[in-house]
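S.K.: Counted from 1, the sequence shown has number -10 at position 5 by my numbering; the numbering is strictly sequential.
Think of the hints as simulated: they come from the structure by calculation, not from any bench. Note that CB positions come from ideal geometry on N, CA and C, so glycine has one too. Treat each hint with caution, since some may be false.
[As the list claims (entries may be wrong)] Here are the simulated SDA-like pairs of lysine to any residue, each with C-alpha atoms no more than 20 Å apart in a straight line:
hint, residue 1, residue 2
1, Lys143, Lys80
2, Lys80, Arg116
3, Lys243, Lys186
4, Lys143, Arg116
[As the list claims (entries may be wrong)] Label pairs and their computed distance ranges (CB to CB):
hint, residue 1, residue 2, range
5, Lys123, Ser340, 22 to 32 Å
6, Gly284, Leu12, 17 to 27 Å
7, Glu37, Pro307, 20 to 30 Å
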Amino acid sequence: MRILATGRICPDCPQVCIGLVTSREGLPVAFEVFDGNRTDVTTTEEMVLIMERKYGKANRIWVMDRGMISEKNIEFMQKRGARYLVGTPRSMLRKFEQELLGKDWEAVHPGVEVKICASPEGKDETFVLCRSEGRKDKEMALLNRFVAHLQTGLNKLKEQAEQGRLRDRQKADRRIGRLLERNSRAASLFDVIVTEIGAGKDRRLAVDIKKSEERYQWALQSGGSYILRTNWKEADPKTIWKRYIQLTEVEDAFRTEKHDLGIRPIYHQRQDRTQAHILVCFLSLAMWRTLQQWMKASGLGTAPRKLIEEMRDVKSLDVLLPAKDKTIRLRAVSTPSKELKVLLQRMKIFLPNRSKII
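Using the sequences plus the hints, can you model the full thing?
M.R.: Next comes the structure, spelled out in structure tokens:
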């Protein structure tokens, strides 16, 4: 199970892949442990079968991001009669170019608009085109930064070729490859052609750089846009979008596991101990999310870490008093501060006012 996870986050470290299923409120329902070199998309069918075997074919909707989905997975879920709501690859935006430029958008959130679209293949599916101003600003800022870096690097290489300081064709190709790799977000916007001119001592390299304005304009038009795909018979795009956005609860659950609950690194070498470590973290996550829901219902936000830090001031002490027949155990609890007392009252937690024999 702990095997070399080639091509994933840490290629040189043994890893495990964890599949986590949560409710739409973010409460953990189930988890499964996979080999570390499994890509996310290969775990979808297995997770669906595991959930159906454990809990039956309930009237559930499988909400997954685009990293979990392939056409094979979609076909698998359709054959099982499962409902799904999934993200799609960015390349699919090309099929909805006219809808992107059109009107009839519906605001679902400040800065976010959606539009219902029919399936381009005529299938019994619904596509929801979404665009976010905040997401577009972020994407374009990143793109422009990479464009500037790539253009500067390519111009420098071209200048060196013109001055005769760069004559080796293979070296030039390698440098161009590294530049495109480092600035991959902007790589598709440029066409770079290297040719050899002259002969003998007069041999030079000519570097032709062309930036595709058509592709850049498409990046501007489609920036901040994404498409949701579903077979859920729901006509309101706002409802579909809100259900998909609940995936942020799953992402938050993974962040909590990684940072607050310390699921990694896993130092164990044996499979049973690795699984036990993950189980303890899963149970901790269930308690953490329950505390979040408790705090939310009490109007205290959703940051358990702050509450736990405040609760550290509460101490419990057991005093053993020898008596004739037996030893008496007396439990005393420290008096909380005024601020903490208010928090506890909001959560309807009442500490004992006096020592108690247990």
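S.K.: Of the numbered hints stated previously, which ones are contradicted by the structure, given in increasing order?
M.R.: Of the numbered hints given earlier, those the structure breaks are 1, 3, 4, 5, 7, listed in rising order.
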